[in-house]
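My request is simple: use the sequences and hints to build the entire structure.
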Amino acid sequence: MSSQNQQKSKHDLGGAAAIELWQKGKYEWNTWITNNPGRTVDFSGCDFSNVGDPSEDISFSDYYFGTGDVSFKGVKFGDRDVDFSGTNFGDGEINFEGAKFGDGQCNFERTIFGTGEVNFSKTCFGNGRTNFSYANFGTGDLIFTEASFGKGEFLFIEANFRQSSTYFNALKCEAGLVTFVSAKFSYASFAKTDFSKSDIAFFDAEFVDGAADFLETQFGNGNVNFNNAKFINSHILFYRSHFGDCAINLSRCQFEDAEALFIETNFGDCTLRLEQAKFTALVFKPSSFKR
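The sequence shown begins at 1 in our numbering and counts up one residue at a time.
Worth double-checking, as some hints may not be accurate.
[Stated by the list, open to error] Computed Cβ-Cβ distance ranges for the label pairs, DEER-style: (1) T34 with L274: 21 to 31 Å; (2) N30 with S287: 50 to 60 Å; (3) P37 with A16: 16 to 26 Å; (4) P286 with Q163: 28 to 38 Å; (5) D209 with S121: 21 to 31 Å; (6) T139 with N233: 12 to 22 Å; (7) K172 with P37: 10 to 20 Å; (8) E259 with A16: 47 to 57 Å; (9) D47 with G268: 13 to 23 Å.
[Claimed, not checked] No more than 25 Å apart at the CA atoms, straight line, and that leaves these computed lysine-lysine pairs for DSS-like: (10) K172 with K73; (11) K122 with K192; (12) K100 with K73; (13) K122 with K24; (14) K100 with K26; (15) K73 with K122; (16) K100 with K172; (17) K76 with K122; (18) K122 with K151; (19) K151 with K192; (20) K172 with K76; (21) K100 with K76; (22) K73 with K192; (23) K230 with K192; (24) K76 with K24; (25) K24 with K100; (26) K151 with K73; (27) K24 with K73.
These are calculated hints, taken from the structure and not from any lab test. The C-beta atom is built at its ideal place from N, Cα and C for all residues, glycine as well.
What follows is the structure in structure tokens.
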């Protein structure tokens, strides 16, 4: 363990001391956090692949992190399953920047994030399923910029982003399926992300008082599905986006005080479905169609 990962002060919980307390289980951990409010928890740089029984999950399920900042920056989890289901990260800033998840399952289902910024920028997710379904994100910005998604499925089913600004910019995505079915957004940006190998699902999603920004986003030959999505005072913008030979589904979408804008968009041999969609305005100024 490097010196920077040692416990930094009597006010922090970090390095070897944090790992030792984590290994005692959620009850002792949650008791300590409750009795030491506002403390920083710092696992930055730790290698969990060498901790404990390699046949067991790395589990933070139902752990509570209080009101202090939490860092998993640069952490290596190896190829074991990682379980943050039901974890309450409290109200500090949460930092997973540059963390590396391997090819095991990665579970953030029902996780609660509070008022601090949540940073997954440059995080590497492996080839197992990654699940943020039913997670609740608070008022801090959520940043996945330049994260990489492996070949597994990435699930954000019924995730609640309503109070935060969400940035999935410049993702490197190998996943066959990325789904935000029934998720709730305010502002969400997917600018310059490459979804060319993925099916993308936003059906039944809601965007309220924000926007859905797909600036220069790359879509491939799969499905891009917004069926029955709702945009309320929230534009959806495909500016200089690129669609391959795909199926784009905006059927039954509802736009209230909102516009759908396809500007300088490049289309391959696409089908675009608009049945029963209700638009405030549809602006369609593509730069090219494949013939």
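Going down the list of hints, with the structure as the test:
1. The given range of 21 to 31 Å is broken by T34 and L274, whose C-beta atoms sit roughly 53 Å from each other.
2. A hinted range of 50 to 60 Å holds for the C-beta pair N30 and S287, which are about 55 Å apart.
3. Evaluation of the 16 to 26 Å hint for P37 and A16 yields a pass: the beta carbon distance comes to about 22 Å.
4. For P286 paired with Q163, a C-beta distance near 34 Å keeps the hint of 28 to 38 Å intact.
5. Between D209 and S121, the C-beta spacing of about 25 Å keeps the proposed range 21 to 31 Å intact.
6. At about 19 Å, the CB distance of T139 to N233 agrees with the hint of 12 to 22 Å.
7. For K172 and P37, the hinted distance range of 10 to 20 Å is not satisfied, since their beta carbons lie about 38 Å from each other.
8. Between E259 and A16 the beta carbons are some 55 Å apart, a value that agrees with the proposed interval 47 to 57 Å.
9. Between D47 and G268 the CB atoms are about 44 Å apart, so this pair departs from the stated range of 13 to 23 Å.
10. Distance restraint check for K172 and K73: the Cα-Cα separation of roughly 19 Å lies within the 25 Å cut-off, and the hinted pair is therefore satisfied.
11. In summary, the hint linking K122 to K192 is supported, as the alpha carbons are separated by about 15 Å, within the 25 Å threshold.
12. This hinted pair checks out: K100 and K73 have alpha carbons roughly 9 Å apart, not beyond 25 Å.
13. For the suggested pair K122 and K24, the alpha carbons sit about 30 Å apart, so the restraint of at most 25 Å is broken.
14. Between the alpha carbons of K100 and K26 the distance comes to roughly 23 Å, so the proposed pair stays at or under 25 Å and holds.
15. For a cut-off of 25 Å, the pair hint linking K73 to K122 stands: about 10 Å separates their Cα positions.
16. Between K100 and K172 the CA atoms are separated by roughly 14 Å; this keeps the pair inside 25 Å, and the hint holds.
17. About 13 Å separates the Cα atoms of K76 and K122, which keeps this hinted pair within 25 Å; it holds.
18. At most 25 Å may separate the alpha-carbon atoms for a hinted pair to count; K122 and K151 meet this at roughly 17 Å.
19. In summary, the hint linking K151 to K192 is supported, as the alpha carbons are separated by about 19 Å, within the 25 Å threshold.
20. Our distance criterion of 25 Å between C-alpha atoms is met by K172 and K76, whose separation comes to about 19 Å.
21. Taking the CA atoms of K100 and K76, the gap is about 5 Å. The hint holds against a cut of 25 Å.
22. For a cut-off of 25 Å, the pair hint linking K73 to K192 stands: about 24 Å separates their Cα positions.
23. Between K230 and K192 the CA atoms are separated by roughly 23 Å; this keeps the pair inside 25 Å, and the hint holds.
24. Proposed proximity of K76 and K24 is supported: the alpha carbons are some 20 Å apart, at most 25 Å.
25. Our distance criterion of 25 Å between C-alpha atoms is met by K24 and K100, whose separation comes to about 24 Å.
26. Only pairs whose Cα atoms come within 25 Å are accepted, and K151 paired with K73 is accepted, the gap being roughly 23 Å.
27. Distance hint between K24 and K73 is fulfilled; the C-alpha atoms sit about 22 Å from each other, no more than 25 Å.
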